[in-house]
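Trainee: Listed below are the residues making up each chain.
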Amino acid sequence: MTAPTTPLLVVDDLRTVFHTARGAVRAVDGVSFTVARGETLGLVGESGSGKSVLGRTVMGLIATGATTTVTGSVLLDGQDVHGLSRGRRRRLWGPEVAMVFQDPMTSLNPVKRVGTHLTETLRRHLDCSRAEARDRAVDLLRQVGIPEPARRLRQYPHELSGGMRQRVVIAIALACDPRLLIADEPTTALDVTVQQQILDLLGSLVEERSMAMVLVSHDLGAVAGRTDRVQVMYAGRTVESGRTRDVFAAPRHPYTEALLASIPQLDAPPHTVLRAIEGTPPDMARPPAGCRFAPRCAVRHDDCAGAMPALVPLSMPLSVGSPAASYDREVACHHPTTSAAFAAPGGPDGR
Amino acid sequence: MLAPDTRAAHPRRTLLLTGLPLLVAGLALAGWAFTTEVVVTIVRMLLLAAGVLAAIAGLGKVAHAVCGRAVDVVLWLGIGWLTFILGAAILAPWLPLGNHDDAVAGLTAPIFAQPGDGYLLGTNNYGLDVFSRAIHGARTSILVALLAVLIGTTVGGLVGMVSGFVRGTTDRLVGIVSNSLLAVPPLILLIALGTVLDPSVRSIAFALSLLTIPSMVRLARANTITVAEREFVLAARALGASRMRLLRREILPNVVLPVLSLAVVMISVLIVAEASLSFLGIGIQPPQPTWGNMIAEGQGGVMEEHPYIVVVPSVCLFLTVFSFNLLGEKAQARWDTRSAKL
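As they're listed, the protein sequences go chains A and B. Per my numbering, the first sequence starts with residue 700, numbered consecutively. Per my numbering, the second sequence starts with residue 520, numbered consecutively.
Read the hints as simulated data drawn from the structure, not as lab findings. Some hints here could point you the wrong way.
[Claimed, not checked] Short, incomplete list of chain A residues facing chain B, as computed with Cβ under 10 Å: (1) Gly782; (2) Leu807; (3) Asn808; (4) Gly814; (5) Thr815; (6) Val868; (7) Ile881.
[Said to hold, decoys possible] Examples of chain B residues toward chain A, derived with CB under 7 Å: (8) Gly646; (9) Arg749; (10) Phe751; (11) Gly759; (12) Val830.
[To be verified] Using 20 Å as the maximum straight-line C-alpha spacing, the simulated EDC-like pairs for lysine to aspartate or glutamate come out as follows: (13) A/Lys811 x B/Glu750; (14) B/Lys849 x B/Asp591; (15) A/Lys811 x A/Glu847; (16) A/Lys811 x A/Asp834; (17) A/Lys811 x A/Glu858; (18) A/Lys811 x B/Glu748.
Computed from a predicted model, the values in this text were never measured in an experiment. Glycine residues also receive a C-beta, built at the ideal position from the N, C-alpha and C atoms.
Please build the complete structure, drawing on both the sequences and the hints.
Mentor: Take a look at the structure:
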């Protein structure tokens, strides 16, 4: 950790296990990371890699219950989220940590006006009058780039476009000035041109408010230019983490490498066969022994199926230009790749 | 805007030209069939039905021509009937109606007077005014049904919502209780309750509400479960809303419409149930009129001699139940979340 102060979020060996009829499903299986104040972390992985469950467990929305067991610890600004009572934890949601959901079509209540969504949250947390809440709501909508905010307040979610709705969802999440924003695939349900706008909006809001953000996404392109650090997830575990620039410039885990290689290239000649990763992620009720990526790995060795590789720090930078001291990089692979042949599209420009 | 007007004008005139004669002819046929003695009863009934149907079809065409678009005349006729009967029922004490329940005063009035001679719809065996009894009967029947639906919807809706939201043991217990209520044959349950409770409006309403509670619980619970799994509930939770608040502000507004549209259908079911109870003599007791005990007056050969004694309350019952059903169906088509995906 390079930040001078204590990190805002410390997640240590977090495990989320769902007890289902088919047995225990280990959706998150020993994940650790930290997020400094004002830092943006990208959580990347394909569908079913446990990244959404991780986001919700970090927030405490998923907690130990009748069918779920959460172990490990989540320290949000020094408070153990999973050690708090339900009521205390609820008080964190809004002012400390907020979430932007994937699909703005379903994350707004169809029978409530946009204004009601906003003012209810504001009045509950900030204890202000109806008129004050309304003014703040107009202000928030303006901040997320919604034209004619006063008129929008009176509209219902179905009267807005998808991009507008996601802006509303973001405005609601920002209502109580959270210090950490968890964006759970905020652009997946939107069309491509709007995706860009929403990501830019999130980026500028994070900067303006010096808010920390965890950006959960399966879209490497979304993560590439907008995160400080990135953590690649596979089958509930971290396979590689590091500064975005370093990871994208020189992936060390075969999975990261394969993910990067499967991004369609705009400058590729027509009819180029898209590269895909063979197979599907493992069934998390019965994960394979050893390295979980081994069955799909292109550079699999014999010992890969034997023991689970631990996440170990890499000491030596591969790419020139990164000082070794700040080379905060970990990988979980018995045979890390050394080729730096793959680079992110559009240039690996970590902010 | 000339072109659509000229195009619309022609069919409009045709509609009017076919609709008006159809309406008049239908009404004339129905009126003739109702009063004539020439043909046998069964043929009269068929002609009457045909006349009414023709009149409705004609009215539909006329309304289409007048409004410029297709109108659901049956629905509007139903709404019209409900407005009339509800208005009359509410205003009954202040309307200049005949004697409806004072058997002593009825001693001086003619019994079984034919409709028309001094009494709009005739008198019954106690010399009580049948028209007045039909209106006052509406008052009782509809009041009982509305009260029962109100109790059933409130209790059933709340219990269903809570059990669908909390799940777990509460849900299982509620499921056992509501399934047991559904397993008891309704008529037997009502007869059993009728022997215990005194036959007043309040206790009949309570007994009937027991019939609506289980289906309300089921509907509210099923809707709550689907709504509770939607992302906006999670989103509200992620902003620190308490469970009470989630139920009240996120789930209730989404559950209330399907529940209310079932409630409208329930009203008609309960009007029939109340009439059945009163017909069997375990509901509201005569001389206080309800449609059920008015129909029961036709037992023992009375109906053959004086058909209007049975026809008047039966037609009222039929039209009211039919109208409430139409209204309920419309409400369900419009408000049920299953058909309106958002």
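Trainee: Failing hints, ascending?
Mentor: Hints 1, 4, 8 and 12 are the ones this structure does not satisfy, whereas the remaining hints hold.
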